[in-house]
Amino acid sequence: MIPITLNRTPTGISTLDTIIKGGFPSGSLVLLIGDVGAGSTEFAYTCAVMHSMMKKNPEDLKLVSNQLTMLLQKEESLKFPEKICYISFTHTKEDIMAELGHTFPPEFASTLSENMIFRDLSPNSLFPSSNKEDWISLKALRSEDEERQIINELVSTLDTNAPDNLVIIDSLTSLFHACNRSMSWNDSISFLEELQRKSKKWDGLVFLLLGRGIFESMKEEEMMDIADGALVFEWFEEGFSRQQAMYMKKFRGVMPHIARDFIIRFNTMVTNTDGFVVTNVKRIFGRK
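Anchor point for the sequence shown: position 245 equals 260 in the working numbering, and the numbering is continuous, going up by one each time.
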């Protein structure tokens, strides 16, 4: 029997990759679902930036590869994304670069800008108005043909750019809202199921951002059930302070490592030097 090799794609966040034994299984569709300001977007940004920086500096890539290879199990290997593709339904590339510039070191934005494929699928980009004074919000009154065009543009972008790459879709909330006339909830779920199947063939990583609490809990559960991995970002009270945390609701190929180490929560924070980092690991009481 020919042994099956499992590729692991690092997130680029060293404080997480060492805990999850190298990274996420390549070919994974990962739902990043978070409370407002709890770090889900910064997680995606940091993953994209760190891979861009490693791509720019082969010595850094070699160092990370050597460190993580020691953590792999038998028949596992590392697979780094060839490129980063960012798909947005609400923000321009300039908006995101400006946000990175305000939050992180200047080299974060410049490096990512050089190494990222950016696709703006916002209505203002796809259906520009001849009158620059028009309110963008009025474009919500789109026809079903225009909504289908958004989906077609998304599918075309994914087919072209997703294979072997890291893809960030920002956000699932905006996509569903933009296409609510032409896509029923069953249509949306069918689309996610197809996206999950395609992710396996692309063999990269696809991150889907989703605001927590926007959809009713049963719909959130349905979306998490389809995804290969679901990372939940939230705020919690610790003493008199409010802290950020992340936990894995599910993740095929990762949860056994987490369960074996009795990990139930990752305490996190966003720094202006390293982006998203894991600061502490919360384990089941009495276990180490």
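Think of the hints as simulated: they come from the structure by calculation, not from any bench. Hints should not be assumed to be uniformly reliable.
Below 30 Å or equal to it, Euclidean Cα-Cα: the simulated DSS-like pairs (lysine-lysine) are [stated by the list, open to error]:
hint	residue 1	residue 2
1	K70	K215
2	K89	K108
3	K89	K216
4	K98	K108
5	K70	K36
6	K77	K234
7	K216	K264
8	K77	K215
9	K94	K108
10	K94	K297
11	K94	K213
12	K265	K213
13	K94	K77
14	K216	K265
15	K215	K36
16	K70	K94
17	K234	K70
18	K213	K234
19	K89	K213
20	K70	K89
21	K213	K36
22	K216	K71
23	K264	K213
24	K94	K265
25	K36	K71
26	K98	K265
27	K108	K213
28	K216	K70
29	K297	K265
30	K215	K264
31	K234	K264
Keep in mind that this is a model prediction, so the values were computed, not measured.
So, going through the hints one by one against the coordinates:
1. K70 to K215: holds, 23 Å
2. K89 to K108: violated, 41 Å
3. K89 to K216: Holds. K89 to K216 sits at ~23 Å (cutoff 30 Å).
4. K98 to K108: holds, 16 Å
5. K70 to K36: holds, 21 Å
6. K77 to K234: violated, 42 Å
7. K216 to K264: holds, 24 Å
8. K77 to K215: Cα-Cα ~26 Å, so holds.
9. K94 to K108: Cα-Cα ~27 Å, so holds.
10. K94 to K297: Satisfied, since the Cα-Cα distance of roughly 28 Å is no more than 30 Å.
11. K94 to K213: holds, 18 Å
12. K265 to K213: Within the cut-off at roughly 19 Å; holds.
13. K94 to K77: Holds, because 12 Å separates the two Cα atoms, which is no more than 30 Å.
14. K216 to K265: Satisfied, since the Cα-Cα distance of roughly 21 Å is no more than 30 Å.
15. K215 to K36: holds, 20 Å
16. K70 to K94: holds, 13 Å
17. K234 to K70: violated, 37 Å
18. K213 to K234: Within the cut-off at roughly 22 Å; holds.
19. K89 to K213: Roughly 26 Å between the alpha carbons, so the hint for K89 and K213 holds.
20. K70 to K89: Distance of about 26 Å is within 30 Å: holds.
21. K213 to K36: holds, 25 Å
22. K216 to K71: With a Cα-Cα distance of about 27 Å, the restraint between K216 and K71 holds, given a limit of 30 Å.
23. K264 to K213: Satisfied, since the Cα-Cα distance of roughly 22 Å is no more than 30 Å.
24. K94 to K265: holds, 22 Å
25. K36 to K71: holds, 24 Å
26. K98 to K265: holds, 26 Å
27. K108 to K213: At roughly 26 Å apart (the allowed maximum being 30 Å), K213 and K108 satisfy the hint.
28. K216 to K70: holds, 23 Å
29. K297 to K265: Measuring from Cα to Cα gives roughly 17 Å; hence the hint holds.
30. K215 to K264: Distance of about 20 Å is within 30 Å: holds.
31. K234 to K264: holds, 15 Å
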